[in-house]
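Colleague: Protein chains in written order, with the working numbering: chain A, 275 to 677; chain B, 275 to 677.
Treat the hints as calculated values from the structure; they're not laboratory data. Honestly, I wouldn't trust all of these hints.
Here are the simulated DSS-like cross-link-like pairs (lysine-lysine), alpha carbons at most 27 Å apart as the crow flies [said to hold, decoys possible]:
| no. | chain 1 | residue 1 | chain 2 | residue 2 |
| --- | --- | --- | --- | --- |
| 1 | B | 480 | B | 436 |
| 2 | A | 484 | B | 628 |
| 3 | A | 367 | B | 402 |
| 4 | A | 371 | B | 625 |
| 5 | B | 325 | A | 606 |
| 6 | A | 564 | B | 323 |
| 7 | A | 625 | B | 402 |
| 8 | B | 625 | A | 336 |
| 9 | A | 323 | B | 564 |
| 10 | A | 370 | B | 625 |
| 11 | A | 363 | B | 625 |
| 12 | A | 670 | B | 565 |
| 13 | A | 628 | B | 325 |
| 14 | A | 480 | B | 606 |
| 15 | A | 325 | B | 654 |
| 16 | B | 559 | A | 323 |
| 17 | B | 525 | A | 633 |
| 18 | A | 325 | B | 480 |
| 19 | B | 622 | A | 325 |
| 20 | A | 301 | B | 633 |
| 21 | A | 560 | B | 625 |
| 22 | B | 367 | A | 629 |
| 23 | A | 642 | B | 670 |
| 24 | B | 396 | A | 633 |
| 25 | A | 622 | B | 622 |
| 26 | A | 629 | B | 325 |
| 27 | A | 625 | B | 622 |
| 28 | B | 325 | A | 617 |
| 29 | A | 402 | B | 625 |
| 30 | A | 325 | B | 617 |
| 31 | B | 565 | B | 525 |
| 32 | A | 363 | B | 559 |
| 33 | B | 606 | A | 340 |
| 34 | A | 606 | A | 560 |
| 35 | B | 625 | A | 559 |
Beyond 12 Å from chain B on every Cβ pair, some chain A residues (computed) [unchecked claim]:
| no. | residue |
| --- | --- |
| 36 | 287 |
| 37 | 477 |
| 38 | 560 |
Small disclaimer: the values here were computed from a predicted structure and weren't measured. By construction, the Cβ of each residue, glycine as well, lies at the ideal position given by its N, Cα and C atoms.
Number of protein chains: 2
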Amino acid sequence: MMKKKDVKIHGVNGISLSSVHSGMYAKKRLDLSILEISSGSNIAGVFTKNKAKSPSVIISNKNINKYCPKYLIVNSGNANAGTGDEGLKDINKYCKKLSLAASCKTEEILVFSTGVIGERIKTSNIIKSIPKLLKNLCTDSWIDFSNSILTTDTCNKIISKKIKISGKIITITGVAKGSGMIMPNMATMLSFVATDMKIGKTELKKMLKKLTESSYNMITVDGDTSTNDSSILIATGKSLLSYESLTLKDKKIFYKCIESIYKELAKKIIYDGEGATKFVTINVKKVNTKKQGKEIAMSIANSLLVKTALFAQDPNWGRILSAIGNANINIKNLSNITISLGKILIFKDNKLYKKYNEKLAYKYLKNKNIEINVVINTGKEETTVWTTDLSYEYIKINAEYRT
Amino acid sequence: MMKKKDVKIHGVNGISLSSVHSGMYAKKRLDLSILEISSGSNIAGVFTKNKAKSPSVIISNKNINKYCPKYLIVNSGNANAGTGDEGLKDINKYCKKLSLAASCKTEEILVFSTGVIGERIKTSNIIKSIPKLLKNLCTDSWIDFSNSILTTDTCNKIISKKIKISGKIITITGVAKGSGMIMPNMATMLSFVATDMKIGKTELKKMLKKLTESSYNMITVDGDTSTNDSSILIATGKSLLSYESLTLKDKKIFYKCIESIYKELAKKIIYDGEGATKFVTINVKKVNTKKQGKEIAMSIANSLLVKTALFAQDPNWGRILSAIGNANINIKNLSNITISLGKILIFKDNKLYKKYNEKLAYKYLKNKNIEINVVINTGKEETTVWTTDLSYEYIKINAEYRT
């Protein structure tokens with residue numbers, strides 16, 4: 275895990291933020307934020323594939339494709355999902371207020387919500403907080419922002435990097451939230467990343483899709499895709515350095531840097547997975563396609579029996595084998611696969627490996643970070659998925675949430 | 275649930291059984307059984323679709339299609355899965371012994387195993403038990419048989435019925451086992467049903483497939499399909515009444531009776547689901563196809579967030595809505611659906627139902643038997659799936675199993 279002292283958060287030129295306690299929770303905590311995006315920025319977004327989309331997602335998805343957003347408004351404590359037309363009207367109410375106060379069109383606002391599903395959102399709390407939010411906008415409020423979007427999360431998730439490209443210093447800063455209802459499909463619960471690199475809209479969209487595929491779309495806590503997943507990438511262009519004009523080598527440097535931010539944010543969600551006692555990396559190697567690898571890795575990652583065995587620190591590898599057998603893939607012959615825990619080879623040549631030492635496996639599983647390595651031996655691709663174990667605490671959190 | 279006094283178990287003419295304690299478990303308990311099937315019987319089987327099939331499943335699936343089985347040998351305590359060629363050789367060893375002792379071909383034996391995955395089976399224990407098993411064969415040992423196949427089950431699962439058809443009394447008796455690793459795909463963990471009705475092999479196969487689809491394939495405890503699922507239907511023909519010669523009305527009477535047995539056995543598995551505190555019936559109505567209905571119902575049934583809310587007796591219907599939205603179906607518009615808990619209407623016209631009384635919903639969820647009713651309003655089909663909640667006890671059982 276990241277050491278606390280490593281965390282330095284850099285403002286991104288072109289982005290101002292502010293957060294308040296609007297009263298979404300009984301507890302006094304930050305729960306509502308605004309991001310102001312300077313003109314000339316480009317913004318890309320990917321949203322949940324859950325068919326019961328929150329009105330927030332419906333509006334953001336519509337506006338991001340037609341207009342160039344100037345403000346994001348983000349609340350925790352209420353997902354505004356399962357609220358239908360009333361939910362849409364509620365959003366319109368507070369977006370109208372924001373548009374008047376900030377002199378923009380309501381269509382230039384994107385809306386994000388996270389929290390309990392099925393309850394009306396407290397529009398009056400939002401409306402009365404807008405003047406204060408606009409007054410306090412500043413470039414250094416990323417940490418407050420990262421805290422304001424949390425729900426069952428036990429810690430904030432924020433990464434910030436500076437990187438020298440083509441003689442210029444480029445900044446990338448991003449936040450995410452998520453802990454349960456996590457198996458993002460095109461996006462995580464909520465993620466906002468900004469850079470001062472100049473990137474064209476088409477390129478930015480393409481980049482976000484690719485970034486999402488290798489980060490948020492590779493994690494699962496409980497196999498549940500939320501109604502509100504949204505992931506936003508903003509390129510303000512304030513550095514005046516244009517991505518499209520970079521050499522191929524510099525493009526790669528930038529992409530590698532931003533990809534590491536997405537992967538680290540995704541991993542932070544798993545480290546903070548509800549009730550998690552283990553951080554589990556599942557590598558599926560030598561497989562025909564990345565998609566096939568993902569099917570296998572996700573089948574292992576979402577198996578309750580694998581997850582409970584990991585919680586018990588029991589090298590019950592038969593459950594891993596069974597989960598591989600349940601993956602939605604077209605491989606008939608599993609007799610060439612190998613299964614290892616970390617570097618401890620367990621299953622090979624269609625049977626328990628001769629030199630397998632179960633005591634070592636028990637010892638290995640006492641670690642917080644566990645690697646499950648599966649080699650399919652049918653192709654050349656590989657995929658990595660990150661997940662949690664399943665503990666009593668997960669049940670407790672989800673049996674008690676709302677009460 | 276069935277009252278104990280209702281349970282009368284009838285032997286099926288043409289089937290003899292016996293069970294012993296062979297020593298698969300440390301504890302002294304029945305763990306090994308043989309069924310002898312009289313000549314002239316027809317037998318159909320369906321097996322797991324898990325690609326990491328147990329050698330038992332591989333052998334049974336091969337033999338059932340080529341030969342007319344005379345013996346079934348069934349053990350608990352070891353699934354003989356993940357054992358590859360060695361597992362096949364082990365089975366050959368004890369089947370050879372049985373074939374010699376019982377004067378049949380090894381190919382006339384079907385093999386079933388359930389228990390821990392990935393460990394070699396104790397062939398010597400089986401071999402030394404065979405003489406005693408053969409000596410004690412008798413038609414009345416169904417209850418012992420039902421007990422001998424249990425693993426984490428807390429109770430046996432057995433149903434027996436007599437029914438008068440075309441002036442003759444027909445008997446159907448069946449047993450099943452299963453509690454965890456339950457989301458059968460073509461069959462449950464283990465199920466054996468026998469009748470003295472005469473049924474042709476083709477018809478029997480067709481019948482079993484249809485019966486499985488409406489019973490075992492409609493249940494889930496934890497979404498995990500096992501490596502050993504097998505479901506066997508035997509028609510001994512000893513009643514001399516032929517199914518094919520029945521009137522359409524009598525065929526329906528028989529089918530309804532045997533279908534009720536399959537559904538009751540499937541429900542018994544759910545009642546005994548690992549750690550279950552609730553028996554949950556999910557009805558999805560007015561849907562285009564039964565398959566679509568099943569996708570929706572299974573998405574609800576396998577959602578950890580729905581399951582933990584049910585455990586908490588919390589009418590957190592937003593999680594049901596989100597699970598519907600996650601179903602692998604091609605419905606874009608969910609605004610016409612309704613969601614009810616029992617008869618309590620909650621969600622209608624794309625919002626919380628005006629007259630919804632949350633107190634009543636909390637009260638309703640205190641019942642052990644819960645119904646979730648979802649109306650999709652796009653078609654005329656309907657599907658029912660049965661499932662459990664997810665409790666601390668499930669984690670305990672699966673974190674402690676094997677230790």
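Colleague: Work down the list of hints and note, for each, if the structure agrees.
Modeller: Structure-based check of all given hints:
no. : hint          : result
1   : B:480 - B:436 : holds, 22 Å
2   : A:484 - B:628 : violated, 43 Å
3   : A:367 - B:402 : violated, 79 Å
4   : A:371 - B:625 : holds, 24 Å
5   : B:325 - A:606 : holds, 7 Å
6   : A:564 - B:323 : holds, 23 Å
7   : A:625 - B:402 : holds, 26 Å
8   : B:625 - A:336 : holds, 21 Å
9   : A:323 - B:564 : holds, 23 Å
10  : A:370 - B:625 : holds, 23 Å
11  : A:363 - B:625 : holds, 12 Å
12  : A:670 - B:565 : violated, 33 Å
13  : A:628 - B:325 : holds, 23 Å
14  : A:480 - B:606 : holds, 25 Å
15  : A:325 - B:654 : holds, 21 Å
16  : B:559 - A:323 : holds, 23 Å
17  : B:525 - A:633 : violated, 58 Å
18  : A:325 - B:480 : violated, 36 Å
19  : B:622 - A:325 : holds, 16 Å
20  : A:301 - B:633 : holds, 24 Å
21  : A:560 - B:625 : violated, 48 Å
22  : B:367 - A:629 : holds, 25 Å
23  : A:642 - B:670 : holds, 20 Å
24  : B:396 - A:633 : holds, 22 Å
25  : A:622 - B:622 : violated, 54 Å
26  : A:629 - B:325 : holds, 26 Å
27  : A:625 - B:622 : violated, 54 Å
28  : B:325 - A:617 : holds, 25 Å
29  : A:402 - B:625 : holds, 26 Å
30  : A:325 - B:617 : holds, 25 Å
31  : B:565 - B:525 : holds, 26 Å
32  : A:363 - B:559 : violated, 30 Å
33  : B:606 - A:340 : holds, 22 Å
34  : A:606 - A:560 : holds, 16 Å
35  : B:625 - A:559 : violated, 46 Å
36  : 287           : holds, 38 Å
37  : 477           : holds, 29 Å
38  : 560           : holds, 17 Å
Violation of the numbered hints given earlier is confined to hints 2, 3, 12, 17, 18, 21, 25, 27, 32 and 35; the remaining hints are satisfied by the structure.
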